[in-house]
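**Q** Just so you know, the protein sequences line up as chains Y and F, in that order.
With the numbering used here, the residue at position 76 of the first sequence is 1095, and numbering never jumps.
With the numbering used here, the residue at position 216 of the second sequence is 762, and numbering never jumps.
Check the hints yourself; a few may be wrong.
To be verified - Pairwise CB distance ranges (calculated):
no. : chain 1 : residue 1 : chain 2 : residue 2 : range
1   : Y       : Pro1057   : F       : Asn623    : 39 to 45 Å
2   : F       : Lys660    : Y       : Asp1369   : 54 to 60 Å
3   : F       : Asp682    : Y       : Ser1297   : 20 to 26 Å
4   : F       : Ser778    : Y       : Pro1166   : 40 to 46 Å
5   : F       : Arg802    : Y       : Thr1239   : 55 to 61 Å
Just so you know, these hints were derived from the structure itself, not from any lab.
Since the model is a prediction, treat every value here as computed from it, not as a measurement.
Glycine residues also receive a C-beta, built at the ideal position from the N, C-alpha and C atoms.
Residue-level listing of the chains:
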Amino acid sequence: MLEIGQKQLELLERLTNASAVSGDEGAVRKIVLEEVTPHSDQVQVDAMGNVLVTCRGDANADGERLKVMLAAHMDEVGFMVTSDEKKGLYRFSCVGGIDPRQLVGKSLWVGSDRVPGVIGAKPIHLTKREERENAISLDSLRIDIGPESDSKIKVGDTATFATKFARLGKSIRAKALDDRFGVATLIELVKHAPQNIDLLAAFTVQEEVGLRGAGVAAYTFNPDLGFALDCTHARDFLPWDEEDENASYNTRLGAGPAIYVADARTLSDPRLITHLVSTAQDLEIPYQLRQPGGGGTDAGAIHRQRAGVPSVTVSVPARYLHTAASLARLADWEAALALMHAALSRLTPDILESERSYCG
Amino acid sequence: MKALIKKFVQIPGPSGYESQIRDVVRAAVEPYADEVIVDALGNLIVRKGEKGPDGLRVMLSAHLDEIGVIATHVDKNGFIRFTKVGGVFPAYCVGGHVRFLNGTQGVIGLERKKGDIKLPTLEKLYIDVGATSPDDCPVGVGDMAVFEREYMELGSRIVTKALDDRIGVVVLVEALRQLSESGVTSPHELYFVFSAQEEVGTRGAGTSAYRINPDVGLSVDVTTTGDTPKGSKMEVRLGGGPAVKVRDGGMLADPRVVEWMVSTAKAHEIPYQLEILLGGSTDARAIQVTRAGVPAGCLSVPCRYVHSPSEMVDFGDVQHSIQLMVALLSASIPQL
């Protein structure tokens, strides 16, 4: 089984420390291209910036091979400078879903030179009481890089949280685990591509703003099956103030990769859910079912492309997604990689012999 | 035909898990089909006929799936939390009966705090299947259920769950049967699509339309009416005949398709109504924007209490809908 060692951790560190806001994915694309090119039959960067990688397998006895598309998105949520107020202060907007309440005082890297900045708000002694009772709105926040800076920050530049990767015992703390986990996993799968399939790896763009790259990539690949590799919330801490059970945990840390049955954009193909679950059970790889409802992944765009593609998502659980620092367990990532590699290696064209059905 | 309606509505088939109803529909249409396939998303696609010199490639669609619920958590006392599959109104849930795909039945309960008068939200609802813990609960996270309510006939009205859109499925199945048995050869290459996953965003219609690449698309679905006390201000009423959809929340129907439907209804003296729906959408909206675009419209069966377990249609409207559909498909389409 594939394992996570020092090399894989160093790759994840490089990936999470890189800044790649939706629409501006170049820094991660560069790392991806360096890593996958020696291991691929074909690599192309398409019109939107998706990296499309083909690893052809061996023909089986009947000469057929499944064309299996895997997607991991290179972009992270972040910020975009919207106006220059001079003296090093800039207005900004969010790119992708970020809760504005947790922005004040955060450190950022701004622009392609990664100029350090901070998100500031009106000083507290200048506020009125009513203002202090409500969460600070985006309009009252500014990116401040200091007045002496002669940097070339301009309107349209992107910025990310300035969080550096850290290993905390069994856990990993980093920004953009959504979806550098998926990117790192997909790079490993390309390097160890199973020979029974044509592995079509799509490192996609602009997932966080509407799954935009994935649909385009699926149109090009025209695959038989689709897997999205993503990162999803673990809201598994005890309820803050109630003795009630936590019934909306979504996923739990330490319970293994999360297989999706249904989110807001996709009803996963039952044949693929069964395949993943039986692979996990046979090989005693821990797994969990993500709670149905809410959210969306690249599978949402892939499964509706052209005449339709049976699809499913597998995600690494992590706490505090879309904030400055997310937290995940190393063991969950390792199990996700092991599960995906094993599941791909066991795929045969027979999986599409049966129709999409309820299998009680 | 009422027996067919009753049979079709009772078979559970929530979005994404339509195979049981699909198998029954397939058995009903296979005798009349030139070609039958099931595609990647579970759409049942039936081809009949070849395109004649005066003909077009016509895609018809009615969706197999019904709204339902999906289990998100089984709590320590065996109560099941859930979220919706498609447009489920929490107010219609309270006290309702559900049936999971594995056969387990349950009742929907509501958290009740003293003095609480607000409408329930999904988070305050749960399903009770009689279990006492996760260990003796036959339902797990990810299991889907549909609503249950008995079939009733009230004079010429039929009341049951899942008329949206099993009544549309019946209209297409009956139209196909009548066309085949009448000996009339349609000038068109006809594709009857019994689509999947409409209730969660017209997903099956888009992919099946891509495959078929039709010249015109017509879906058959239900629409609401304006004829109940302090209801919405809509002209459509039960007993007024099939409704020709002019627009809904997702689509502005092609005027040529509207004209095709209206002129055919008039020529055959079939009652019809014009429909403008403020919300909602149907498979037709997905067909319309497929590939390079498709002229599209919708034949609507008027229905009260849509997305409740007690949807109501008028049997006369159903018969007129079938009559209109047969007439539409039997002749060329001068408007296109």
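**Q** With reference to the structure, classify each hint as holding or not holding.
**A** We went through each hint and held it up to the structure:
no.: 1; hint: Pro1057(Y) with Asn623(F): 39 to 45 Å; result: violated, 56 Å
no.: 2; hint: Lys660(F) with Asp1369(Y): 54 to 60 Å; result: holds, 58 Å
no.: 3; hint: Asp682(F) with Ser1297(Y): 20 to 26 Å; result: holds, 25 Å
no.: 4; hint: Ser778(F) with Pro1166(Y): 40 to 46 Å; result: violated, 59 Å
no.: 5; hint: Arg802(F) with Thr1239(Y): 55 to 61 Å; result: violated, 34 Å
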